[in-house]
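A.B. asks: Sequence:
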Amino acid sequence: MNPIDILIVSLIAFIVFYYAYLRYKEEKYKEEKMLIPTLESYKNKFLEEKQQFLKKSEDLKQKLLQLKEELENLKKNFNSYPWTQSQIDYLKSMKGSELEYFLTQSFEMLGFTLIDPPIYKDHHIDTIIKYEDEKKVEYFAVDFVDFTEIKKINDNYIKELLKGKDKYGCQKILIITNGYFSENQKERFIKSDINFFELEQIVKFLPSLNFFYRYDELKSKYYACEILHKETFDEVIRRDHWLEEVEEKLLQAMERQKS
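End of the sequence shown = 265 in the working numbering, gap-free, step of one.
Calculated directly from the structure, the hints in this document are not laboratory data. Just so we're clear, the structure is a prediction, and the values are computed from it rather than from any experiment. It is possible that some hints are incorrect.
[Unchecked claim] For each label pair, taking beta carbons as the anchor points, the in silico distance ranges come out as: (1) 223 with 127: 20 to 30 Å; (2) 102 with 219: 12 to 22 Å; (3) 57 with 154: 52 to 62 Å.
A virtual CB, placed ideally from N, CA and C, is assigned to each residue, including glycine.
Start from the sequences, fold in the hints, and give me the full structure.
C.D. replies: So, in structure tokens, the structure goes:
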């Protein structure tokens, strides 16, 4: 390639690169010129969204207060939900996890604190109930036994429960069934200082199924609303963070425009 050709190619390359540079400068200028309006638009958008989430958060807060009041009123009207024969019949048919869930939730409804052992059914213990009044604090190692499992309770079974009671520092043992223990089993319980509930005691001392289902429904709504309220308020905090970033960029853009 002769010098003239090299010069022509170089000149063309220079023109192309210079044109590209001018286009780049022009686009940067347009971008910079539109930056402030764009940032202002984002700012207004985030402010509007923040207000929407704030309103939603406040509405959810009021809903939480309403649900809490409903739960408290339900507790006060405990006796308005008596056991019916159909409910008792259904209670008698409960097995395994269904019975366990009903009993654990019922004790929590009554204000007891329940503690799950670190090992599931360790020494036959399903849960530990904390009983507390002005004079004392006691811990009960609790075993839930449905009507199909009653026959498995023997001396060895009771020995395991007693080991669990000592292991977890409990003062007493409580065995609860939706059936009936044999007279021989009851004698063993009394001899080992073990408390027990049968079907009649559940019906006498624990809430009815209708009360339980209504309470469980309200509690589920409360927890769902509580989660939604937290998530909504997190969106408010997120918008605050975005607004800080936008305002900082706005300030920088205005400073560049002045210079």
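A.B. asks: Next, verify each hint and record whether it holds.
C.D. replies: Checked hints:
1. Checked against the hint of 20 to 30 Å, the C-beta distance between residue 223 and residue 127 comes to roughly 29 Å, which is consistent with it.
2. The beta-carbon spacing between residue 102 and residue 219, approximately 19 Å, falls within the hinted interval of 12 to 22 Å.
3. Hint check: residue 57 to residue 154, Cβ distance near 58 Å, so the stated range 52 to 62 Å holds.
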